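Visitor: Position one of the sequence shown corresponds to residue 1010 (this note's numbering), numbered consecutively onward.
Bear in mind the hints are in silico, worked out from the structure with no lab data behind them.
There's no promise every hint is true.
[What the hints assert, rightly or not] Below are the DSS-like pairs computed for lysine-lysine, each with C-alpha atoms no more than 30 Å apart in a straight line: (1) Lys-1127 x Lys-1267; (2) Lys-1259 x Lys-1127; (3) Lys-1199 x Lys-1127; (4) Lys-1208 x Lys-1166; (5) Lys-1267 x Lys-1208; (6) Lys-1267 x Lys-1166; (7) Lys-1199 x Lys-1166; (8) Lys-1208 x Lys-1259; (9) Lys-1109 x Lys-1199; (10) Lys-1208 x Lys-1127; (11) Lys-1166 x Lys-1259; (12) Lys-1166 x Lys-1127.
[To be verified] The following label-pair restraints were derived from C-beta to C-beta distances: (13) Gly-1164 x Cys-1107: 32 to 40 Å; (14) Ser-1227 x Arg-1184: 15 to 23 Å; (15) Ala-1139 x Leu-1187: 15 to 23 Å; (16) Lys-1199 x Gln-1102: 12 to 20 Å; (17) Lys-1199 x Ala-1256: 33 to 41 Å.
Please read all numbers here as calculations on a predicted model, not as lab measurements.
C-beta atoms are modelled at their ideal positions from N, C-alpha and C, and glycine is treated no differently.
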Amino acid sequence: MDSTDDAQVSPHQTFRQVRRALEDLVLFEGRQFIVPDQVSEQIGADPRPPREDVSAQQPAPELGAPAPAVATGRVTSEAASALGGGELASFRQQICECTKCELGHTRQRFVFGSGDPKADVLFVGEAPGADEDRAGEPFVGAAGQLLTKIIEAMGMKREDVFICNVLKCRPPNNRDPLPEEVASCEPYLKEQIRMVAPKVICCLGKFASQALLRSQSSLSRMRGQQHEYEGIPLVVTYHPAALLRNAAYKRDTWEDVKWVRRIYDGVEL
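My request is simple: use the sequences and hints to build the entire structure.
Guide: In structure tokens form, the structure reads like this:
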């Protein structure tokens, strides 16, 4: 490499690149490795003493395994109150007794969604499972606990995002949704997205991705591509349940959610 190439990369740039790579490795591997917030930006200078970090006493997020499942006895009214008293909560009250398809007669709870009603990041899954059907909230089982860890690894909190599913009621025995069920719920999802108005949508799994993109492509073909839903950037990744079955998907998922974070930060569109 000649001297002109050397001049293109400053020590400050090199330091930031190394730090980002270390932080990325820490979050992905889920191991304890503290990179101090107050480290010097000057290569060769003594770093300032780091602040006391509570993460030194707590394990970092581990993407490979879910935390213990939360109790699923919360009633639907509590899920509604978490949305506050705004437009989204009013919309939930309008549709929570829906019986447009057979699922409205077989469900235990109507699973509308949860999180910040004006979130910048919106996660969309397929349909409620047994845990969600009992709780009236999305992603509260093992896959949901893993999703929470992924969100935390992105540097966010679960309450800072909005999470919902294409279907609002559980299909019996967790079977695949039927076309008529999707047709019944699709207007609800469209209205949710309009009301939340996120900066970016992250589709979890093939079904949610196909539904929003109106595509029959495989997940592998949809991943890594630049998509939009009505002008909103959309990123496709694996459903957390798939990661529980196959840890090999973990690295690809991490790359996908980093893309979500970059869009949120305005770094990439």
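Visitor: Determine for every hint whether it applies to the structure shown.
Guide: Evaluation of the provided hints:
1. Between Lys-1127 and Lys-1267, the direct Cα distance comes to roughly 21 Å. Compliance with the 30 Å bound is thereby established for this hinted pair.
2. Between Lys-1259 and Lys-1127 the alpha-carbon distance is near 28 Å, which keeps this suggested pair within the 30 Å criterion.
3. Taken as a hint, the Lys-1199 and Lys-1127 pair is honoured in the structure, with Cα atoms around 15 Å apart against an allowance of 30 Å.
4. Taking the CA atoms of Lys-1208 and Lys-1166, the gap is near 16 Å; set against the 30 Å cutoff, the hint holds.
5. For the proposed pair Lys-1267 and Lys-1208, the alpha carbon gap of about 14 Å is at most 30 Å, so the pair holds.
6. Annotation: proposed proximity of Lys-1267 to Lys-1166 holds, straight-line Cα distance about 15 Å (limit 30 Å).
7. With a C-alpha separation of about 24 Å, the suggested pair Lys-1199 and Lys-1166 falls inside the 30 Å cut-off, and the hint holds.
8. Restraint check for Lys-1208 and Lys-1259: satisfied, since their Cα atoms lie roughly 24 Å apart, inside the 30 Å limit.
9. The suggested pairing of Lys-1109 with Lys-1199 holds, with an alpha-carbon distance near 16 Å, which does not exceed 30 Å.
10. Between Lys-1208 and Lys-1127 the CA atoms are separated by roughly 10 Å; this keeps the pair inside 30 Å, and the hint holds.
11. Proposed proximity of Lys-1166 and Lys-1259 is supported: the alpha carbons are some 20 Å apart, at most 30 Å.
12. For the given pair, Lys-1166 sits about 14 Å from Lys-1127 by alpha-carbon distance, which is consistent with the 30 Å threshold.
13. Under the hint 32 to 40 Å, the C-beta atoms of Gly-1164 and Cys-1107, about 36 Å apart, fit the expected range.
14. For the hinted restraint 15 to 23 Å between Ser-1227 and Arg-1184, the CB-CB distance of approximately 20 Å keeps it satisfied.
15. Roughly 19 Å separates the CB atoms of Ala-1139 and Leu-1187, a value that falls within the hinted 15 to 23 Å.
16. At about 18 Å, the beta-carbon gap between Lys-1199 and Gln-1102 stays in the expected band of 12 to 20 Å.
17. Restraint check, Lys-1199 to Ala-1256: a C-beta distance of roughly 34 Å satisfies the suggested window 33 to 41 Å.
The structure meets every hint from the earlier list without exception.
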